[in-house]
Amino acid sequence: MSWMPAFAGMTMVLLTGAAQAETVLRRGNSVEPETLDPHQARGVSASNVLRDLYEGLTREAPDGAVIPGVAERWDVSADGREYTFHLRAGARWSSGEALTAADFAESLRRALAPATASPVAQILAPLDHVDATDARTLRLRLRTATPHLPGLLSHPAAFPVHASNRAGAPFAPGTLVGNGAYRLVDWVAHAHIALERNPAYWDAASVGVDRVLFYPTENPASEIKRYRAGELDWTDTIPVGQARWVRENLARELHVSPYLGVYFYGFNLTRPPFKDNPALRRALALAVDRETLVSRIVATGEVPAATWVPPGIAGYTPQRPEWADWPAARRLEEARRLYAQAGYSAGNPLELELRYNTGDNHKRVALAVSWMWRQALGVRTSLVNEEYKVFLQNRRARRVTQLFRADWIGDYDDAATFAERMLSSSGLNDTGYANPDYDKRVQQAAGEADPARRRAALEQAERILLEDLPVMPLYFYVSKHLVKPGVTGWQPNIMDHHYSRYFRITR
Amino acid sequence: MLNFTLKRLLYTVPTLLVLAALVFFLLRAAPGGPFDGERALAPEVQAQIEAVYHLDEPLWRQFARYLAALARGDLGPSFQYAGRSVNELIAAGFPVSLQLGLAAMALAVLAGCSAGVVAALRRGSLADRGLMALALTGVSIPNFVVAPLLILAFALALGWLPAGGWDSWRSAVLPVIALALPQIAYLARLTRDSMVEVLAQSWIRTARAKGLPQRWIVLRHALKPALLPVLSYLGPATAQILTGSVVVEQVFSIPGLGRHFVQGALNRDYTLVMGVVMFYGALVVLFNLAVDLLYGALDPRVRTR
Numbered sequence: 005m006s007w008m009p010a011f012a013g014m015t016m017v018l019l020t021g022a023a024q025a026e027t028v029l030r031r032g033n034s035v036e037p038e039t040l041d042p043h044q045a046r047g048v049s050a051s052n053v054l055r056d057l058y059e060g061l062t063r064e065a066p067d068g069a070v071i072p073g074v075a076e077r078w079d080v081s082a083d084g085r086e087y088t089f090h091l092r093a094g095a096r097w098s099s100g101e102a103l104t105a106a107d108f109a110e111s112l113r114r115a116l117a118p119a120t121a122s123p124v125a126q127i128l129a130p131l132d133h134v135d136a137t138d139a140r141t142l143r144l145r146l147r148t149a150t151p152h153l154p155g156l157l158s159h160p161a162a163f164p165v166h167a168s169n170r171a172g173a174p175f176a177p178g179t180l181v182g183n184g185a186y187r188l189v190d191w192v193a194h195a196h197i198a199l200e201r202n203p204a205y206w207d208a209a210s211v212g213v214d215r216v217l218f219y220p221t222e223n224p225a226s227e228i229k230r231y232r233a234g235e236l237d238w239t240d241t242i243p244v245g246q247a248r249w250v251r252e253n254l255a256r257e258l259h260v261s262p263y264l265g266v267y268f269y270g271f272n273l274t275r276p277p278f279k280d281n282p283a284l285r286r287a288l289a290l291a292v293d294r295e296t297l298v299s300r301i302v303a304t305g306e307v308p309a310a311t312w313v314p315p316g317i318a319g320y321t322p323q324r325p326e327w328a329d330w331p332a333a334r335r336l337e338e339a340r341r342l343y344a345q346a347g348y349s350a351g352n353p354l355e356l357e358l359r360y361n362t363g364d365n366h367k368r369v370a371l372a373v374s375w376m377w378r379q380a381l382g383v384r385t386s387l388v389n390e391e392y393k394v395f396l397q398n399r400r401a402r403r404v405t406q407l408f409r410a411d412w413i414g415d416y417d418d419a420a421t422f423a424e425r426m427l428s429s430s431g432l433n434d435t436g437y438a439n440p441d442y443d444k445r446v447q448q449a450a451g452e453a454d455p456a457r458r459r460a461a462l463e464q465a466e467r468i469l470l471e472d473l474p475v476m477p478l479y480f481y482v483s484k485h486l487v488k489p490g491v492t493g494w495q496p497n498i499m500d501h502h503y504s505r506y507f508r509i510t511r
Numbered sequence: 024m025l026n027f028t029l030k031r032l033l034y035t036v037p038t039l040l041v042l043a044a045l046v047f048f049l050l051r052a053a054p055g056g057p058f059d060g061e062r063a064l065a066p067e068v069q070a071q072i073e074a075v076y077h078l079d080e081p082l083w084r085q086f087a088r089y090l091a092a093l094a095r096g097d098l099g100p101s102f103q104y105a106g107r108s109v110n111e112l113i114a115a116g117f118p119v120s121l122q123l124g125l126a127a128m129a130l131a132v133l134a135g136c137s138a139g140v141v142a143a144l145r146r147g148s149l150a151d152r153g154l155m156a157l158a159l160t161g162v163s164i165p166n167f168v169v170a171p172l173l174i175l176a177f178a179l180a181l182g183w184l185p186a187g188g189w190d191s192w193r194s195a196v197l198p199v200i201a202l203a204l205p206q207i208a209y210l211a212r213l214t215r216d217s218m219v220e221v222l223a224q225s226w227i228r229t230a231r232a233k234g235l236p237q238r239w240i241v242l243r244h245a246l247k248p249a250l251l252p253v254l255s256y257l258g259p260a261t262a263q264i265l266t267g268s269v270v271v272e273q274v275f276s277i278p279g280l281g282r283h284f285v286q287g288a289l290n291r292d293y294t295l296v297m298g299v300v301m302f303y304g305a306l307v308v309l310f311n312l313a314v315d316l317l318y319g320a321l322d323p324r325v326r327t328r
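Line order of the protein sequences matches chains A and B. First residue of the first sequence? That's 5 in our numbering, and the numbers climb one at a time after it. First residue of the second sequence? That's 24 in our numbering, and the numbers climb one at a time after it.
Hints listed in this document are in silico derivations from the structure and should not be mistaken for laboratory results. Treat the hints with caution; some may be incorrect.
Covered, in the sense of this in silico footprint (three residues per stretch, anywhere, with C-beta under 8 Å from a C-beta of chain A), are these stretches of chain B [to be verified]:
| no. | segment |
| --- | --- |
| 1 | 48-59 |
| 2 | 70-77 |
| 3 | 104-112 |
| 4 | 178-190 |
| 5 | 282-288 |
Here are the simulated distance ranges between beta carbons [unchecked claim]:
| no. | chain 1 | residue 1 | chain 2 | residue 2 | range |
| --- | --- | --- | --- | --- | --- |
| 6 | B | 96 | A | 363 | 37 to 45 Å |
| 7 | A | 133 | B | 37 | 57 to 65 Å |
| 8 | B | 26 | A | 168 | 49 to 57 Å |
| 9 | A | 190 | B | 51 | 32 to 40 Å |
| 10 | B | 254 | A | 168 | 52 to 60 Å |
| 11 | A | 48 | B | 28 | 48 to 56 Å |
| 12 | B | 179 | A | 495 | 45 to 53 Å |
| 13 | A | 315 | B | 125 | 38 to 46 Å |
| 14 | B | 87 | A | 48 | 34 to 42 Å |
This one's a predicted model, so the numbers in the text were calculated from it and none came from an experiment. By construction, the Cβ of each residue, glycine as well, lies at the ideal position given by its N, Cα and C atoms.
The task is simple: from the sequences and hints, build the whole structure.
Structure, rendered in structure tokens:
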């Protein structure tokens, strides 16, 4: 029997040899990406792939900090309205051709052209004029000073698109020409997207994993089974209701970290009972016990939200209202006083319709919150569950909706992405909120080059918003991933962006 | 025979037209559109997209446009997956669903009919009662319960087979079983009852009286008539198994047509849902026709009528 260990040893050598030959990262990636055209992609799952296939003028470090990408440095004019980007000498397309400032200029123009009908071009709204002064210099004129411009330029909407793809070649294996750390080799709808390292990438030497596979995993229950069976190295999320099991059994592989998103209820301010009724809105907001909500109901490390802007944004302090730190008894007493002031009582209770879209979590939250209102104020809430697209239409039309569930994930790491959503002119503002005072502060911030004054204006705006309460924040999101122990290099960041190039496989 | 076939084929045209009209207008009646999302589009972007997909035209004209393209075999561009056509998506998804469905059907027929014959031959025995109890259980437990249980047992606890995906024959084993189980159960009961009936017929008694061996009697004389009801069940069952793999494809993350269908409906991908329904509709019609033709071949009484 003495040959057994020798044989086993030989197999080990062979296996490790093979493992060194090629490393593979298999990522769960929620839904099937709708397209790999960076100017057309709307969803998070497409963006995850695009950040591996392309690189903008800037990109994000593993911790989320904005760092140079194709541009090695940039200068800003004194008034903050002109940026000059200097491109790296070695920047190339995956086809080997040189990547020039003109490529970026043409691509930005394509993203902004009405004919492109890009659903994400609004990210680039600050751009006024784009100009390639030579092969490696790109000048951007802005409408207003935009200190967070470098962050915006790391978004797929600002990625360069190769001339062949601009001319109509499909964004598909064989014809998609990118400039990122990886290139596209295979895409089978609803099966997988396969990438391999791009030897033409300027920083190819620092790329750790040879092959990356993205799997569509729209069903979290199936995703976690595939992860446990060893078919995935990474999950996009964990299923609602399995959080406790995961914490008890896979604690060392679970990564929960703050995410730039807020879960909230919105009031329809154009119809009764919430029209011109801030006392009632405030009563409802105060009567929710957010601690219980996050510890007992959603329960995967979410953070109670009393402000509109999530914590963790550099150079901004969320404007916590005074009541958020009151003891529960005082909060409830004030809620009851306001409820009575709005004209409701035990004999004449508020009857309310709360709309939410289909989802286990939304249902649990709606049940819990309506129960809290009933206990504290005697409000009678009926829950209306609608399929997502039906729900969106009703919410937007504002005809039948009274109170609705919503959330907002920031587009970029800055408070403006939250503030601008509630402008009276914003297409995202489904509450009908229109306060000229609020609009003025937000617009003032948009044109402000001085960071301190800009910050003050945004913070003032948030205080106004939380006084008016067109929305009732409930909790801030966290990102939840399971990552196999052999995958190193994972770092939490508030945007939940994880470029495959930063990972290493040590199995 | 040829006349019969042609006539039946001709009937399929109005059937499919009615189907197309029904699905088209039902889809458009559903609230929400393909381009609605959490982030509302700028009005000019929305207008541009609607113009590209002709969504700004009156409904009847869109329907006429759809039919005209359909007549050419063009199912249109997908609304959700920019740059991909529905033909392309179906061409990619259908072979997967077909392999899955055919394998499940083959397993169902083999296992179901064998179990049925065994039970019929030992009527009243422990084997008969055991098999039929199993069959009853199999019919009663839905796919979406069986599939996760199979994964828990064979992928997670034992680690023998993958929990999902579509990479090798190994990843096909569990979904094929999950899909075949209810059919096995149903076919076992069907075959048993039919076999019991046939075995009581006078010509079987005659064969017995002639002293033919039992195996010969069953295989040569009883099996063919006993399988006739099974055959007429197979047409709709094959269509059902091909379309009914929706749940199984979802649970096992299989890139088949069923997954396109569910995601398409949620995304309001009008053309994709239409395309899949029309494709399945045509399949169901063709399978039924094929069964009728086969039936004629097996049972001369049907042909003469």
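Hint check:
Counting residues of the segment 48-59 of chain B whose CB falls under 8 Å from any CB of chain A gives 6; the rule of at least 3 is met. Residues of the segment 70-77 of chain B lying with their CB closer than 8 Å to a CB of chain A number 3, which satisfies the three-residue condition for coverage. Using a Cβ-Cβ cut-off of 8 Å, 5 residues of the segment 104-112 of chain B lie near chain A, which meets the minimum of three, so the contact claim holds. Proximity of the segment 178-190 of chain B to chain A, defined as three or more residues with a beta carbon under 8 Å from a beta carbon of that chain, is established by the 8 residues found.
Counting residues of the segment 282-288 of chain B whose beta carbon lies closer than 8 Å to any beta carbon of chain A gives 3, which meets the minimum of three for the stated coverage. Separated by about 39 Å at the C-beta atoms, residue 96 of chain B and residue 363 of chain A satisfy the suggested range of 37 to 45 Å. Between residue 133 of chain A and residue 37 of chain B, the C-beta spacing of about 59 Å keeps the proposed range 57 to 65 Å intact. For residue 26 of chain B and residue 168 of chain A, the hinted distance range of 49 to 57 Å is satisfied, since their beta carbons lie about 55 Å from each other.
Roughly 35 Å separates the CB atoms of residue 190 of chain A and residue 51 of chain B, a value that falls within the hinted 32 to 40 Å. Distance hint check for residue 254 of chain B and residue 168 of chain A: the Cβ-Cβ separation is about 54 Å, which falls inside the suggested range of 52 to 60 Å. In this structure the hint that residue 48 of chain A and residue 28 of chain B lie 48 to 56 Å apart at CB holds, the actual value being about 52 Å. Between residue 179 of chain B and residue 495 of chain A the Cβ separation comes to about 30 Å, which falls outside the hinted range of 45 to 53 Å.
Between residue 315 of chain A and residue 125 of chain B the CB atoms are about 55 Å apart, so this pair departs from the stated range of 38 to 46 Å. Separation of residue 87 of chain B from residue 48 of chain A is about 38 Å and conforms to the stated range, judged on CB atoms against 34 to 42 Å.
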